[in-house]
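Please construct the entire structure, taking both the sequences and the accompanying hints into account.
This is what each chain is made of:
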Amino acid sequence: MFGIENITANNGWAMAGVGATIVFIGLVVLCFVISQIHKILELWEQRDKYLNKSETQTHPKDIYKIEAAAYRQHHFPAAPELASIYRPLVEQLKEPFNLIQIFEITKKMDLPHPHLSLQRLQEADILVPQGDGTFIWNKQKSN
Amino acid sequence: MSDLFYQFLSNTGYFLADYRHVVMIVVGCTFLFLGTAKKYEPLLLVPIGFGILVGNVPFFKGFGLGIYESNSVLHYLYFGVTTGVYPSIVFLGLGAMTDFSSLLANPKLMLLGAAAQMGIYFTLLGALFFGFLPREAASIAIIGGADGPTSIFLTAKLAPHLIGPIAIAAYSYMALIPVIQPPIMKMLTSKSERLIKMAPGREVTKKERVIFPVAGVLLCCFLAPTALPLLGMLFLGNFLKECDVVNRLAKTAQSAIIDTATIFLGFTVGCSTQADVFLTPKALGIFFLGAVAFSIATASGVLFAKIMNLFLKTKINPLLGAAGVSAVPGSAREVHQMGLKEDPTNFLLMHGMACNSSGVIGSAICAGILWSFFI
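Quick mapping for you: the protein sequence lines, in order, are chains A and B.
Residue numbering for the first sequence is 8 to 150, as defined by this note's numbering.
Residue numbering for the second sequence is 155 to 529, as defined by this note's numbering.
FYI, nobody ran anything at the bench for these hints, they're computed from the structure.
The C-beta atom is built at its ideal place from N, Cα and C for all residues, glycine as well.
Just to be clear, a hint being listed does not mean it is correct.
[To be verified] To be clear about the criterion: a stretch of chain B counts as covered by chain A if any three or more of its residues have a C-beta under 8 Å from a C-beta of chain A, and this derived list gives those stretches:
{"#": "1", "segment": "250-263"}
{"#": "2", "segment": "297-308"}
{"#": "3", "segment": "372-385"}
{"#": "4", "segment": "514-526"}
Here it is, written out as structure tokens:
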């Protein structure tokens, strides 16, 4: 037997169709799996981070806030005390000044926790923002 | 005394030879010439070519000399072919030598390896069209995978009487890649497509490379368990290489084991091409269909790459489709050469190797699928 008749009689169309489909599906699945391996590995390597996150259900920023709040509560000087530390520094600067200028000075003098300190000074209205990114020192409040 | 002398003469190869032996000896010498002088796949063509010479020395049947005589030494060596042992061992070595990093870095290239397998199924229909029996047609079709060991493995299972012509056709076309593929690649692609540059793949970690053979063997062999003797060994070899704790075994698989298997496989396949068995109209049909299979496989890969480009943001060079056939590393090298001809700064070799290695997996799955159709 020859020709189309032989193909049909021996189930050739079905064999070709099914065979081509199976090999395609097989390689597409393998392609998908190998494209995910590195992502799965990455997840696995960072599992501690994700597990801790799900246990506490807190955002990293929240953790920072909690730690900062606890630190302030127990160890951090009050605003008047901070004002007495920072006043001589600010007096070196011409008003209005940028916070970066204060940071540079604190860095030189190796003062601890400059960010928290400046935040507390702002909260106490001792450092007053001018709305354009600059600040002035409120002498009345700092006395 | 003259009778004794005449009897001796009548048993010599010179007396028993006919034109078919001469034809096959010419074929064997051509293989040796291509392998040694032209350096076309010498690791395959040299043992096969020499095997053709040995297999076509005429002898008196019944002496227990020929490969098809049950008590001969050659017959015992040929046992590794007919049982599929040698192809499996070759796959072990192949796995131990293959670096799948480029495929892991760019998994979508695996689809080109799948597309190039379409040559197998078109040829299946073609072989049935020309009147071959279904098992013979499936064995001929697998030539389209351009994978010698896979072709031998499947033919040994489905149509052992055709091992000689099919193996010779498969290896001949693999050796003739530089002749067959470039015109097809050039015909199906435009200059601008051939100039497409592929971005370098991301860095692949050791862990990925270790996990891949495990994932591969589970996914592929659960889908087509009949591919287990080939894919099981391929992925085992790759795992030995990547796990870094059995370097001795990996080195042996990469060298001594695959070399031994290749010598015996090539030599006995060559010997199996005895003129009286080999030179038949069927063999000519197999050679014709093998060329068709190989050409369709190349074209399918290239065309599929062009189709993929319709949907992809980052285009892929369609030449890579031609490397989807599993002739490692011949077709990847050919793709690379053609890319370099168009643009000397366009390096496609590693991307081609990704398609090549997926072609090896794809053709082994196809062999498993075709075998399972006849169980």
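Hints, verified against the model:
As drawn, the segment 250-263 of chain B meets chain A at 4 residues by the rule of a beta-carbon pair under 8 Å; at three or more, the given contact holds. Only when three residues or more bring their CB closer than 8 Å to a CB of chain A does the claim for the segment 297-308 of chain B stand; here the count is 0, and the claim is violated. For the segment 372-385 of chain B, the stated coverage by chain A is satisfied: 4 residues place a CB nearer than 8 Å to a CB of that chain, which reaches the threshold of 3. Look at the segment 514-526 of chain B against chain A: 6 of its residues bring a Cβ nearer than 8 Å to a Cβ of that chain, three or more, so the hint holds.
In the structure shown, a violation is registered for the earlier hint numbered 2 alone.
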